[in-house]
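**Q** Protein sequence lines, in the order shown, are assigned to chains A and B. Numbering of the first sequence is given in my numbering, commencing with residue 762 and proceeding in unit increments. Numbering of the second sequence is given in my numbering, commencing with residue 106 and proceeding in unit increments.
Keep in mind the hints are simulated off the structure, nothing from the lab. The beta-carbon is built from N, C-alpha and C at its ideal position, and this holds for glycine as well.
If we take Cβ atoms under 10 Å as the criterion, some of the chain B residues that face chain A in the derived model are:
hint: 1; residue: I125
hint: 2; residue: G221
hint: 3; residue: I222
hint: 4; residue: P224
hint: 5; residue: E225
hint: 6; residue: Q226
hint: 7; residue: T251
hint: 8; residue: A257
hint: 9; residue: L265
hint: 10; residue: A267
hint: 11; residue: G284
hint: 12; residue: A289
hint: 13; residue: D290
hint: 14; residue: R296
Simulated coverage check for chain A against chain B, where a stretch passes if three residues somewhere in it have a Cβ under 8 Å from a Cβ of chain B:
hint: 15; stretch: 777 to 785
hint: 16; stretch: 809 to 817
hint: 17; stretch: 855 to 869
hint: 18; stretch: 987 to 994
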Amino acid sequence: MNFPSFNLRGIVIKRWVLPNQDVMLYLLTPSGKMKVVARKAASSNMQSKVNLFQDLHVQLQKKPGDIHVLLQVTLEGALPRLITPQRYAYAHVIAELVDLLLPDNQALEGIFELFVSTLRGLATHPDPEWVAQIMLFRILGISGFAPYLIWPDHDLPPRFDLKRGGFSSDEGFKLEPQVALFLCELGRHTVRELLDFTLEPAGRNQLWNLLERYMGHHVGHLKSWSALGALTEV
Amino acid sequence: MKYPSSLIQLIRELSRLPGIGPKSAQKMAFHLFEQPLEDIERLAKVLLAAKKELHLCPRCYNVTDRPMCDVCTDLSRIQSQICVVESPSDVIAIERSGEFRGLYHVLHGSISPMQGIGPEQLHIKGLLERLSGATSDQEVILATGTTVEGDATSLYIQRLLAPLGVQVSRIAYGLPVGGALEFADEVTLSRAMAGRQKMV
Chain A
762 MNFPSFNLRG IVIKRWVLPN QDVMLYLLTP SGKMKVVARK AASSNMQSKV NLFQDLHVQL
822 QKKPGDIHVL LQVTLEGALP RLITPQRYAY AHVIAELVDL LLPDNQALEG IFELFVSTLR
882 GLATHPDPEW VAQIMLFRIL GISGFAPYLI WPDHDLPPRF DLKRGGFSSD EGFKLEPQVA
942 LFLCELGRHT VRELLDFTLE PAGRNQLWNL LERYMGHHVG HLKSWSALGA LTEV
Chain B
106 MKYPSSLIQL IRELSRLPGI GPKSAQKMAF HLFEQPLEDI ERLAKVLLAA KKELHLCPRC
166 YNVTDRPMCD VCTDLSRIQS QICVVESPSD VIAIERSGEF RGLYHVLHGS ISPMQGIGPE
226 QLHIKGLLER LSGATSDQEV ILATGTTVEG DATSLYIQRL LAPLGVQVSR IAYGLPVGGA
286 LEFADEVTLS RAMAGRQKMV
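Just chain A, same shape as in the assembly (with noise of 0.2 Å):
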């Protein structure tokens, strides 16, 4: 029985290998996250096109109570900038936190363009720290996990309550100023404006504190958080 097969277009955000050289990959693609079993891809010259943050145009077959196989593929883009440590070690966390945040073969809007366009900031931009936490709290918010911060007072909130997801002035951890300008300011502006705002090293280190905490508590453990310190310091 001959089972129709399909086309279309993802970036790889998760890969492993299993020991009979079959490539198992997570793609995100405009439709949603979907598994893909790439047969014997490791042994074979499609290796270098199922590999990890790399733009494909698949084709795809699914037989009933099986996953998708993949019959083809094609390379439509890498960045090979993003090898770099610290480069590397950003796109693992905001790979996981997309695979965390979505379910199999279900389709969130706007995903897949955010996705996109924060992989070519870290790939590109000359502060991909910056970029990395500005897009964390872009995909928390396109997935329904944005936390609460509008803050009614003409002072600055002083403290973020983890728990209630927002700002709060008696509960939670005591917010630097400058963190407290920076969320009051982030749902007000575009990307492109966030990333002109500016963020002392001490600031940016308690936002990675808030992030961490935040999705640890509201979405779920990150591997990828333990191995950021070593990768960023090289």
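Given chain A's structure and the hints, the job is docking chain B onto it.
**A** Same frame as chain A, now just chain B:
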């Protein structure tokens, strides 16, 4: 019909091996059942002995059954060259080529943060210890895989080694020997073009 519990247990254990699915495990279980008892005893003995005797070489982290591996104890090999690879099977592949006469260092993986593999999970610290006090004659050949993970691992190690003043090189990318250009994929071709060499 229900299988006997000892057969179910055997199938379950065999299917835990990498690359073995439930059907293959079932075939293997029936095959083992049909073998003479002495063959099974020999297999069990070999498995136990391998587990007891095999360990990682304390210097290069390759698999060995001696205090130090054969490569590390062979003084005829070029001591000033260390080839860094991801797995023990890479050592075997390079040894088969017969082109390399230096030493090895096995990382046991490549950096992949989202799978929980950071630099601390690999034997990178052991490499740095081996190279402490190395002179500029020392060469480190980074032969990790040509995947994004392998490339990122090589670049990370290269940055760690830069202050030590040792020579660092990356294994060449390119076309397979005997391959026709028209069948090469675009990534390999572009890397082969970028890494072209002058003909002398």
